[in-house]
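Here the structure of chain C is known, so what remains is to put chain G in place on it, guided by the hints.
The listed protein sequences derive, respectively, from chains C and G. If you're matching positions, the first sequence starts at 1 in the numbering used here and goes up one per residue. If you're matching positions, the second sequence starts at 1 in the numbering used here and goes up one per residue.
Calculated directly from the structure, the hints in this document are not laboratory data. There could be a bad hint or two in this list.
Claimed, not checked - Straight-line Cα separation of at most 25 Å, SDA-like style, residue types lysine to any residue; simulated pairs: (1) G:K122 - C:K263; (2) C:K102 - G:Y20; (3) C:K102 - G:D97; (4) C:K102 - G:V29; (5) C:K263 - G:R14; (6) G:K313 - G:Q211; (7) G:K241 - G:D299; (8) C:K263 - G:G77; (9) C:K34 - G:D215; (10) G:K147 - G:Y103; (11) G:K24 - G:H67.
Just so we're clear, the structure is a prediction, and the values are computed from it rather than from any experiment.
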Amino acid sequence: MAENVQLQLVDEHGWRCGFANVLRLENQRWWATKRWWVQSLIMTILLNGMLAYGIWIVPLFEPVEPNPEFVSGTLDVILIWMSILSVFSTIFITQSAIIGEKQSGVVAWILSGPVSRSAFIIAEFIGNAIGLLSTTVFLQGMFIYLQFSMSEGYFLPIVPILAALLLQSLYLLFYLSLVIMLGTFFSSRVPLLAISFAILIGQPFIDNFAEESAPWLSWALPAKLPELARFAHRWQTLPSHSSIILALALTLGFLVLAIWRFKRDEF
Amino acid sequence: MRNSSSDSMVINTRELSKTYNPGKASQEVIAIRSLNLQVHRNSIFGFIGPNGAGKTTTIKLLLGLVHPTGGSATILGCDSVRESIDIRKRIGYLPQDPRFYEYMTARETLRFKARFFYVGPKAEIENRVQEMLEMVGLVDKADRPIKGFSGGERQRLGIAQAQINYPELLILDEPAAGLDPLGRRGVLEVMKRLRQHTTIFYSTHILDDVQQVSDTVAIMHHGELLAQAPLNQLLAGKKHKVYLLTLTGDTSAARSRIENEKWVSVVRSTTDADQTRWEVEVTNADVAEDQLLRLVLDDKGLRVIEFGSKKYKLEDIFIDTVAKNQNG
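Only chain C is shown next, with the shape it has when bound in the complex (with noise of 0.2 Å):
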């Protein structure tokens, strides 16, 4: 067994260490396994299998009258729903991020190692939202704008379309952190869902109170970003801001959270 001078070192230092590998087996993870297909084919069949309905089929059946807002109306249901189908598939999927490799004892292998802890979550973020946000937002938002234009006969605009999904996406990552931040809290699933549910269901309960007595409160909350998305397609000014500055803030504070309560954890 003698040294072998051949290999070259890895060269990560501080919080660095063992992300490129970390991150590197949580793309396999989507990429390598029938993950990426099974939540792309999903979502294609819930989000654009039901525009392809309203686009192609129904007009077979019933006369459509001409309508110039009925790329901005459906866009509006369209983009409603897959934050909805967004979020979901964020929280199932990534629920056993942290708690399941906590549980079956991997964790602690792979932190006996060279990995930092902070290395570990940032990879697990990092890894999951490039997953989650190429199947569940942007591989579907090419799949409509696809169908819009050939429905259209010309190619929609793209910088509004783009800078909505840019707005789906910080609402995934929303998300997203909250989940993992979760997984360091806890070692169960079953208050990390509860909790992320309470929070997905929550705001519209607060916006519809907020909505008259306190509209700074309603629309800073990060649920309003699909809504936000509605103006960005129509490419019309923003009624506010406070929404993407707190979802962004919201998002890094949960990181930063989560990491430092990993760090905290005994394996």
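Frame of chain C, contents of chain G only:
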């Protein structure tokens, strides 16, 4: 990887302590009490103790998986808390119950572990993986998912992944626990092969294994270090050496002669059928070896069937040490 420091101490703990739930009277558990442990380079260090003695907690403290509540530890000259990642670049670890990704094959698992240490070239990483598979005899199962592996195969894979970076220190937590005799023998063989390349620190409660492969031993009990010494010294252990004689014939005269010698502290005698068995405890082994047998043979009516010094088993030392500790 083996740019070792000149320091011959691989592990050095100073008053290392771990208490779970400190300050909560009803839930407080003292897992490790002021542990002072020294492991020298190139030794095979057996860390023994019953279940719950604190062996695994100590190992996890050394690895940074558990945070100490007192004291400190240096591994390969690095502080176990502040320089934990630097330490983990230079060591290998086999957990007590190794858990890997069940969907991965043994080869994929080793490749994944190797990439924490090496970036390439790819062919060299594959060579290292293959070398480790051969070392632990898993070549024929290298491309099967781990979920179908037996306990012994998982354990051997655990040793392979721990050795993938040619560590300066190999920490094995109960490497042979739960294995059948063949599996145990396999693991011990691998340890013997590795001893020329690395320092091995391993915990176990299987004392026969320790006696087979270790050169230094520490005994833990209830979170306390009761003894730490080279194995030979520990086995010689007792203050006074004891000689065993099996005799036939009338032993009474010979016994009184021996008991009158200054260098004899006690003679214990048991009789079984026509044989008498003596345990002669002496204060001066050199004189005893020169004179004891001669004094017995002076008695022409006596026949000596067996003669030799008493060989202690590690189990005797262990039980003795733990019992002394329990009795205060």
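* Mind checking the alpha carbons of G:K122 and C:K263 for me, to see if they're no more than 25 Å apart? => 32 Å, violated
* To do: Compare the distance between the alpha carbons of C:K102 and G:Y20 with 25 Å, and conclude whether the hinted pair is satisfied.
  => Within the cut-off at roughly 19 Å; holds.
* Asked: Given the hinted pair G:K241 and G:D299, is their alpha-carbon gap at most 25 Å?
  -> Cα-Cα ~24 Å, so holds.
* Please work out if C:K34 and G:D215 have their alpha carbons no farther apart than 25 Å. => Since the Cα atoms of C:K34 and G:D215 sit roughly 51 Å apart, the hinted pair is violated (cutoff 25 Å).
* Hint consistency between C:K263 and G:G77 [alpha-carbon to alpha-carbon, up to 25 Å] -> Holds. C:K263 to G:G77 sits at ~23 Å (cutoff 25 Å).
* Asked: CA of C:K263 to CA of G:R14, is that 25 Å or under?
  -> 24 Å, holds
* Take a quick look at whether G:K313 and G:Q211 sit within 25 Å of each other, Cα to Cα. => Holds, at about 8 Å.
* Asked: Holds or violated: C:K102 with G:D97, Cα cutoff 25 Å?
  -> 14 Å, holds
* When you check the alpha-carbon spacing of G:K24 and G:H67, does it fall within 25 Å? -> 17 Å, holds
* Asked: Has the given pair, C:K102 with G:V29, been kept, meaning a C-alpha gap of at most 25 Å?
  -> Cα-Cα ~22 Å, so holds.
* Asked: Taking 25 Å as the top limit, are the C-alpha atoms of G:K147 and G:Y103 close enough?
  -> Cα-Cα ~7 Å, so holds.
Violated hints, in rising order: 1 and 9; the structure is consistent with all others.
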